Structures are given as C-alpha cells and as structure tokens.
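Asks: Sequence:
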Amino acid sequence: MKTLSIGNSKDMALRIVVPEDLIMDGQCAFPVVGDVAEYALRFYPRGDTDTGPGDLPDFGSDVTGEIENLDDRPVRSMLFRGAGFTAFVKSADELRGPVHLRGYFEADFAALLPESARVTGSIRRRQLITHTRHADPDGRYRCAGTYTLSEVPDGKAGLRTGLVPAPPPVSGPFAGTGWVEMVAPRDGPWIRESGILVELDPLNPDSAGA
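Numbering (numbering that gives the first Met the number 0) for the sequence shown: 0 to 209.
Simulated from the structure, these hints should not be mistaken for lab results.
In this text, all values refer to a predicted model and were calculated from it rather than measured experimentally.
Built from N, CA and C at the ideal position, the CB exists for glycine as well.
Quick list of simulated restraints, FRET-style, between CB atoms:
(1) V179 <-> R139: 18 to 24 Å
(2) D61 <-> P168: 47 to 53 Å
(3) A165 <-> V31: 31 to 37 Å
(4) R139 <-> S170: 21 to 27 Å
(5) P167 <-> N68: 46 to 52 Å
Whole structure, please, built from the sequences with the hints as guidance.
Replies: Next comes the structure, spelled out in structure tokens:
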C-alpha cells in the first residue's frame, strides 16, 4: 500500500493535525523535528465536516488503505489501515475493503479511540496552525474563520489561546475577589494558535498498520 499526500505523489509522510488541547493537556509532547512520536489517530473523510482545517489542501491527504467495519450503525465506526498507520474513522458512507480516501488526519485522546488506532513515526516537519475568527455584531464568534500555516519559531514550546482576562460582574459572587475569567476578545479578531501540523514519516511505511 502507498500513502499519497496532496502536492507530492511520491511523499510517504502523513500530515497530522495535533490540536492545541492535546499539547496543553500534556497528552502529546510539543512536536520537535527529528523526534519519534506516537499518536492516537483519527481520519476525517472530506465532506464529513462543514468547516475545519481539512478544507485546506495543505492540511489534507489522499490515502489508500483497507477498511475494517466495527459496527453496522447508520454512522459507522471503522478502522482505516494504510501504509504504516491505523486510523479511526466515523462515516455515514458504507466503506468496505480497499479504499482511496481524501480527508485529513488528526491526533486525538488515546482513551477515546480503539487501542489499535495508532501511528508511530519520525517528525520531519512541523508548522504552526493559526485560527482567526471575527466576532458577530453581538460579540459572539459563530463564523468558521480561517486557518493559516507558518513555521514554528525556534524555542517555541506552547500555544497561545488568544483569550484575554475579564473581571467578574460587579454584582456577581466573585466581585472583588481577584478572580479573573479568560474569555475571547470583545474587540478585534480572535487569533488562536490551534495546533501544530506535523509531517510524520511512519516507522514501517511498507506495511499496513497493525
């Protein structure tokens, strides 16, 4: 089996979104080029989400592999085994046997996925994912926003949420206590570093995921 990444049909690396919450919760180490990393892996087929980083070509992958159905519910749970990886997939489409899918990979909490939905590999490259959203007239952030990629600055080991401190209401129970809530900015865009896009070389790319 062969893994194909958009933009380079000879590239065996997997593009994997490592979300901010996994890093900040300590579930995943901050990605470093050259390190060997293991991720609990989920694959989102294109079309299963209306918005998200998978809508951008730089995040996506065209991948070939074998589908194993885990149940027969309307939205099926499946394992997608490819070149050096096994990913968990949920889809309303009936997928069986050898398939070629377009979508994107994302690391997830290990406890939420089957134990076999894993990939281990060497980090070839990392890019910072920045999510920018603009507030609606009522101050809420309902729009999907835009995702951009940039190189990770040297020495960076954390991600900025873009939240700002807000004092409690003067009539509330926490008034005068020094307690401060972190909220999305009320003026201007909400610029959040939402994760790291990792290019991972699977350790065993010539074999299907176990």
